[in-house]
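A.B. asks: Take a look at the letters that make up each chain.
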Amino acid sequence: MSEIAPIDRLPGGLESGLEAVLMVADIPVSSARLAEIFEVPTARVAAALENLASEYDGKDRPRGFELRRVASGWRFYSRADYADFVSSYVLDGQTARLSQAALETLAVIAYRQPVSRGRISAIRGVNVDSVVRTLLTRGLITEYPEVGDGGATLYQTTEYFLERLGLGSLDELPALSPYLPGVADLESLDSATYDD
Amino acid sequence: MSEIAPIDRLPGGLESGLEAVLMVADIPVSSARLAEIFEVPTARVAAALENLASEYDGKDRPRGFELRRVASGWRFYSRADYADFVSSYVLDGQTARLSQAALETLAVIAYRQPVSRGRISAIRGVNVDSVVRTLLTRGLITEYPEVGDGGATLYQTTEYFLERLGLGSLDELPALSPYLPGVADLESLDSATYDD
Amino acid sequence: MSATLSEETATESTTPAEAGQESAGGFRLALQNFNGPFDVLLHLITKRELDITEVALAEVTDEFIAYLRELQAASAESGSDGMKVLDETTEFLVVASTLLDLKAARLLPRGEMADEEDFELLEARDLLFARLLQYKAFKQAAEFLGERYTAEGARHPREVSLEPQFAALLPELVFTIGPDALAAMAAKALAPKPEPATEVGIGHLHGANVTIAEEAESITALLEARGTLAFTELVADAPAQLVVVVRFLALLEMFRQKAISFAQQDPLGPLLISLIQESSFDAQAVQDDYEGSGGEVNHE
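Residue numbers (full-length UniProt numbering), protein chains in the order written: chain A, 1 to 196; chain B, 1 to 196; chain C, 1 to 300.
Derived by calculation from the structure, the hints in this document are not laboratory data.
For each residue, glycine too, the CB sits at the ideal point set by N, CA and C.
Fair warning: there could be bad hints in the mix.
Quick partial rundown of chain B residues pointing at chain A, CB under 8 Å, derived from the structure [what the hints assert, rightly or not]:
#1 12
#2 24
#3 160
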């Protein structure tokens, strides 16, 4: 590892680089992983993260976000002080029902799991990023432990999904064929993977 | 609206409050909506957002993130300077390219929306069915709620199109006419040439 | 938002590989990057700065026919259903008619509009140029979009899942559907989708089926009866624009098969067409050449 890493040549250096990655990270990122990304020693990453965290906590003013270390790594969170406002944002316009788009996406995942967002998009003919996020938030689907082709994240339904539908297991999902009279190749519809 | 809003009593005030809400937002949030949440005038929110954005751009050091106004609102982004590092972390379709054909079709839809496939084909001189499907799957266009003449499906661009191109609104598209010296009225050209 | 898409869909107009790579008579077409007939036209007329009146129609024609042959060959190789060839043939008709109109319009004496027909041709020319300009304008707009798209790709929006303490605040979901409704929805989404009806390009064409073979036959008959004729005379009785286009296509085909010759007395004179007596042209054989499309253009 060289003394001067590529990130050191950029304005803002390692600290800004860490901010950039963590800003888009959905799950906590370990300092070891960050060290790999930036090609600097883990200890240096750890020190920079501590610096950032305490900077957000109050050098100028307490930021609305904080950098917290949880078991598996570091992630940006909204600061608890502002939870009331964040709650009113989160709850605004929320309903207890899933949208039609969310239900259709859930149906596709149920019958084609584990399946990537790309494939669901291809099947449904629309971008499904936001509904997939909704289903994740609602605990109806979860990430599959292994990645698919090209490193794509795969999704599967959860126990909670089965509970909500009153099913004991996935085997109890009804067969698809009866719902499509007139489609010649029903076997392939039920079993084959969608060709996208 | 009182002079002192609840958010003003918190350390960090409105700016930190905005940071907190935007930290959990997964779509751009309009200043009007933020104004409701914090019970302050929209103009004050807008000013605070502008302040934050320019602060991130460089008061101390350029932050790894930036606050940008796209589509209908404001949202946190990783800063482009650190793209190399961020993309080694984020593996998604963000960088998937659009073909020339897709870009040209997207241009016709952006400037002529709502528009039918027939008219796009007439303007481009080629069949556009598969490209339109690609754009739909990517979420860059969507079906217009009403059908056109003769029941043709019409297409329009989406909010995601604006976000993905970093545009505030369709008005920010450069005017098409400068490219067309001597053609005064394209609309009439369209209708004169192709009756679809 | 991650626009995950497995693969990029290739350009919808298949471009045959390296047709006409070698320079032939100062005429060289690399069709690799073309995206439809307007591209080809623009390439011919603007990029190469060809004056349409100086372009030997036959040379252009040969290029296009070579282009079509490449397509047919590619289609046969890939075992596709020939839809592509049909599409391309239809597009070819657009090019052919556009070229013809351009040429016809250019051949008119400027400022001397003898009759109503001439005037219409001039109008048609303006429209055609306007169409090409419009096409070019959208190409430039696409360039802008492409640059933005690439530049913005360097930024990633924050779109993370909701922090657990806020997710817990969401109202408990009310599930209004059961397993059967879910299955019905899945079946509908997973069912093979019928290709959307193509509503492309032929909406403005009228009339019944017109075939190249039939038009070639009637051209032959007309030329046999009356000797040399101008194109305007050959299409004088055409009931619809489609027939004009197909007749033009038939002429191109006949020329390629050395059944007819073109002559032009002076730069602005009419294009004269005459039969080559010793040719063994078989109009019905044309059908085979356009097998992909059945040699036929259907108005639907």
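A.B. asks: All the hints need checking, so say for each whether the structure fits it.
C.D. replies: Evaluation of the provided hints:
Here the hint on residue 12 of chain B is kept, as its CB sits about 5 Å from the closest CB of chain A, short of 8 Å. A least Cβ separation of about 5 Å between residue 24 of chain B and chain A falls short of the 8 Å threshold, and the interface hint therefore holds. Below 8 Å, beta-carbon pairs count as interface contacts, and residue 160 of chain B has one with chain A at about 7 Å; its hint therefore holds.
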